[in-house]
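Number of protein chains: 2
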Amino acid sequence: MRRILEIDPANLTVTVQPGIINAELKAAVAEHGLFYPPDPASYEQCSIGGNLGTNAGGLCCVKYGVTRDAVLGLEVVTADGTVLRLGGKNVKDVAGYALMQLFVGSQGTLGIITEATLRLRPAPPPKLTMLAFFPSLDAAGEAVSAMTARGLGPATLELMDRATIAAVDDWQQLGLDREAAALLLVESDLPGVAAEAELEAAEAACRAAGASFTLRAADAQEADWLRQGRRLAYRALERLGIAHMEDVGVPRSRIPEMLRAIEAISARHGVPIPTFGHAGDGNLHPTLVFSRDDPTAAERDALVRDALYRAAIGLGGTVTGEHGIGLARKPYLEVQRGPEVVAVMRRIKAALDPAGILNPGKMV
Amino acid sequence: MRRILEIDPANLTVTVQPGIINAELKAAVAEHGLFYPPDPASYEQCSIGGNLGTNAGGLCCVKYGVTRDAVLGLEVVTADGTVLRLGGKNVKDVAGYALMQLFVGSQGTLGIITEATLRLRPAPPPKLTMLAFFPSLDAAGEAVSAMTARGLGPATLELMDRATIAAVDDWQQLGLDREAAALLLVESDLPGVAAEAELEAAEAACRAAGASFTLRAADAQEADWLRQGRRLAYRALERLGIAHMEDVGVPRSRIPEMLRAIEAISARHGVPIPTFGHAGDGNLHPTLVFSRDDPTAAERDALVRDALYRAAIGLGGTVTGEHGIGLARKPYLEVQRGPEVVAVMRRIKAALDPAGILNPGKMV
Chain X
1 MRRILEIDPA
11 NLTVTVQPGI
21 INAELKAAVA
31 EHGLFYPPDP
41 ASYEQCSIGG
51 NLGTNAGGLC
61 CVKYGVTRDA
71 VLGLEVVTAD
81 GTVLRLGGKN
91 VKDVAGYALM
101 QLFVGSQGTL
111 GIITEATLRL
121 RPAPPPKLTM
131 LAFFPSLDAA
141 GEAVSAMTAR
151 GLGPATLELM
161 DRATIAAVDD
171 WQQLGLDREA
181 AALLLVESDL
191 PGVAAEAELE
201 AAEAACRAAG
211 ASFTLRAADA
221 QEADWLRQGR
231 RLAYRALERL
241 GIAHMEDVGV
251 PRSRIPEMLR
261 AIEAISARHG
271 VPIPTFGHAG
281 DGNLHPTLVF
291 SRDDPTAAER
301 DALVRDALYR
311 AAIGLGGTVT
321 GEHGIGLARK
331 PYLEVQRGPE
341 VVAVMRRIKA
351 ALDPAGILNP
361 GKMV
Chain Z
1 MRRILEIDPA
11 NLTVTVQPGI
21 INAELKAAVA
31 EHGLFYPPDP
41 ASYEQCSIGG
51 NLGTNAGGLC
61 CVKYGVTRDA
71 VLGLEVVTAD
81 GTVLRLGGKN
91 VKDVAGYALM
101 QLFVGSQGTL
111 GIITEATLRL
121 RPAPPPKLTM
131 LAFFPSLDAA
141 GEAVSAMTAR
151 GLGPATLELM
161 DRATIAAVDD
171 WQQLGLDREA
181 AALLLVESDL
191 PGVAAEAELE
201 AAEAACRAAG
211 ASFTLRAADA
221 QEADWLRQGR
231 RLAYRALERL
241 GIAHMEDVGV
251 PRSRIPEMLR
261 AIEAISARHG
271 VPIPTFGHAG
281 DGNLHPTLVF
291 SRDDPTAAER
301 DALVRDALYR
311 AAIGLGGTVT
321 GEHGIGLARK
331 PYLEVQRGPE
341 VVAVMRRIKA
351 ALDPAGILNP
361 GKMV
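So the protein lines, in turn, are chains X and Z. Read in our numbering, the first sequence has 48 at position 48, and its numbers run on one by one without any break. Read in our numbering, the second sequence has 200 at position 200, and its numbers run on one by one without any break.
Since the hints were derived computationally from the structure, they do not count as laboratory data. It cannot be assumed that every hint is accurate.
To be verified - Listed below are several chain X residues computed to face chain Z (Cβ distance under 8 Å; list not exhaustive): (1) G19; (2) G96; (3) Q101.
What the hints assert, rightly or not - Listing some non-contacts, in silico: residues in chain Z with all C-beta distances to chain X over 10 Å: (4) P9; (5) E24; (6) D69; (7) A181; (8) R268; (9) G270; (10) F290; (11) R305; (12) G316; (13) R337; (14) I357.
Stated by the list, open to error - Below, simulated DSS-like cross-link-like pairs (lysine-lysine); rule was C-alpha separation at most 27 Å, straight line: (15) Z:K63 to X:K349; (16) X:K63 to Z:K349; (17) X:K330 to Z:K92; (18) X:K92 to Z:K26; (19) X:K92 to Z:K349; (20) X:K26 to X:K92; (21) Z:K63 to Z:K26; (22) Z:K92 to X:K26; (23) Z:K349 to X:K362; (24) Z:K92 to X:K92.
The structure displayed is predicted, hence computed values, not measured ones. From the three backbone atoms N, C-alpha and C, an ideal C-beta is built for every residue, glycine too.
If we strip away everything but chain X, and leave its shape as in the complex, we get:
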């Protein structure tokens, strides 16, 4: 089930089977001058079916929305074998309940997605790319908040902390500033001179927040290196030991507090937690790193995760911004949402899959 069934430039849609890899889909529509935005860092390996199951995000979701925002139509097989056709190519449609939105992000627990019609956009112009380096995590967090408050809508707004910068630079030799406590990767894909104006405004916000220096990618290739550096963050951290990536999210104004909480948790438990992520969305990937021969790793991993989840929830945040509840975060669904809300989710699960045969044990 890896086929592209139709590319429809007149309606800016593509219809696919769920096994197709995100990057294959992107490449196929790019030949028509079109663009499928959602881009998880794993886009060269992950399938659209997985993206739909988790409502996956990615780097450019800060501007273009997450997977659910890109879905116009679905074919879903329910627990009793019924085939549902939901939506289609209508941009607006309020006939009945939002079943399509409900199935997206349900991790296969409500039905199995067998086909999807996705929204495309015209391919935007090549991005202008900027890096800003900061003397403290706080300053980087403040820069993100300032950009949000100033209403900047960059195509990319990513953060890497000192340990992540070092791990990426050791591996990829990008010549990043190892003295900085954090960097922000900011990109604009606005047309013409508007891109330059957007990056100038972002640069001003970074400097006002205390950036030590900023630099622009000299050309498309250098921009690609920098972007690739961010995409490789998790794999770079895996070279340091057993790396366990988390996925907390907070309201954007709370990013500085969440970054401070991560530092405090790291210090308290003696576990390095390099952090990177989609700062423009408030979605951070603190990544626990344990040495491969640490016998206490599993135990401390559980303690640190517990502390991270509770810190995010305490800031009005979420235990998972784009990866999903699955099994690992299942005990925290009720902590975050409250028992009443989870009870409603369970009623929906029972209504659609009374025998519990769809991805059993996951999510609710």
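Got chain X sorted already, so can you dock chain Z onto it with the hints?
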């Protein structure tokens, strides 16, 4: 329940009670340089609660999305009196099922929305406004398709047909071209010179599709008149008799076919059906007009509506793009969605409101 509870510029959110009028909300956030996009034509009368219930659209949804796209958090009271807090201020959150999305657009049949946290945007620059006049409806439809295919993303892309133009012009004396079969209202709110470039591209697409002429609003006041002309379309048609506005939607490439179908249905049944609407979304408002003393009005109204709904469904469209199923369109929900899909909707209704006490008889 008409209060604004919080405006949060740092997170670009506003939290409101559902009774607040859309226009009041817009005005309050505008004082902070912020913008709440969804703008039903009735925005000066309609409440946010109603907007949430129907997942309302509007003129600028073509660029900024519909009401559901603007919702970050909800408080909902369920049929058994439980108070649910859903979402909050997180931009990304995949913890559990998309309950929030499900409640939006459910017309109060699954729960009662008592509070909402909505996404704002920084106020965009003043719009540049263009009108294009066409010698045929087909040509206007082709221009819309061409703009979609060229990937133009105007802030407004609205259509009015000859009869609507005449009704608006008779009432408002705007000096519109009464010879034209249709006009498109196209607006850009891109920053700086990008707006000019966008309107030029739109103008080129209109001319290529056969526009007889195009004109720009000379200033903000003239733009406002033209926009107001479109907003008053329904009220202008009400001056002609009993006006019954419909709300079909089709994939954008099928707009010319839908416009031809509306003309054919009008001729077949001898009922004038002036048509206007959100052409950029494929969402059209064919409006049946009957004289006030026509004893056959009710009967012919039912026949014409049946024909319109079936034509839209036959083109892969919907019987309602933004107004909702309610009672009037309820018999067509199953025609459009199919019995299997409606059965799933009913299972969800039964799971959340087993006694059927919430807005009884509506939707499913």
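* Say whether it holds or is violated: I357 (chain Z) keeps its Cβ farther than 10 Å from all Cβ of chain X. => holds, 16 Å
* Asked: Would the pair K92 (chain X) and K26 (chain Z) pass a check requiring their Cα atoms to be no farther apart than 27 Å?
  -> Roughly 22 Å between the alpha carbons, so the hint for K92 (chain X) and K26 (chain Z) holds.
* To do: Decide, holds or violated, for the assertion that all CB atoms of chain X are farther than 10 Å from the CB of P9 (chain Z).
  => At roughly 6 Å from the nearest Cβ of chain X, P9 (chain Z) sits no farther out than 10 Å, so the non-interface label is violated.
* Using 8 Å as the Cβ threshold, decide whether G19 (chain X) counts as touching chain Z. => Constraint on G19 (chain X) not satisfied, violated at 21 Å.
* **R337 (chain Z) remote from chain X - nearest C-beta pair above 10 Å** => violated, 6 Å
* To do: Confirm or reject the statement that G270 (chain Z) sits farther than 10 Å, beta carbon to beta carbon, from all of chain X.
  => holds, 28 Å
* Is the Cβ of A181 (chain Z) more than 10 Å away from each Cβ in chain X? -> holds, 22 Å
* Keeping to a limit of 27 Å between CA atoms, is the pair of K330 (chain X) and K92 (chain Z) held or broken? -> Given pair K330 (chain X), K92 (chain Z) holds - Cα atoms ~18 Å apart, limit 27 Å.
* Please settle this one: E24 (chain Z) was flagged as non-interface, so is its CB more than 10 Å from every CB on chain X? => Holds, since 22 Å exceeds 10 Å.
* Interface hint outcome for G96 (chain X) [beta carbon to chain Z under 8 Å] -> holds, 5 Å
* **G316 (chain Z) remote from chain X - nearest C-beta pair above 10 Å** => Violated, because the least Cβ-Cβ distance between G316 (chain Z) and chain X comes to about 5 Å, which does not exceed 10 Å.
* Asked: If you draw a straight line from the CA of K63 (chain X) to the CA of K349 (chain Z), is it 27 Å or shorter?
  -> Violated, at roughly 34 Å.
Hint compliance for this structure: hints 1, 4, 6, 12, 13, 15, 16 are not met, and every other hint is.
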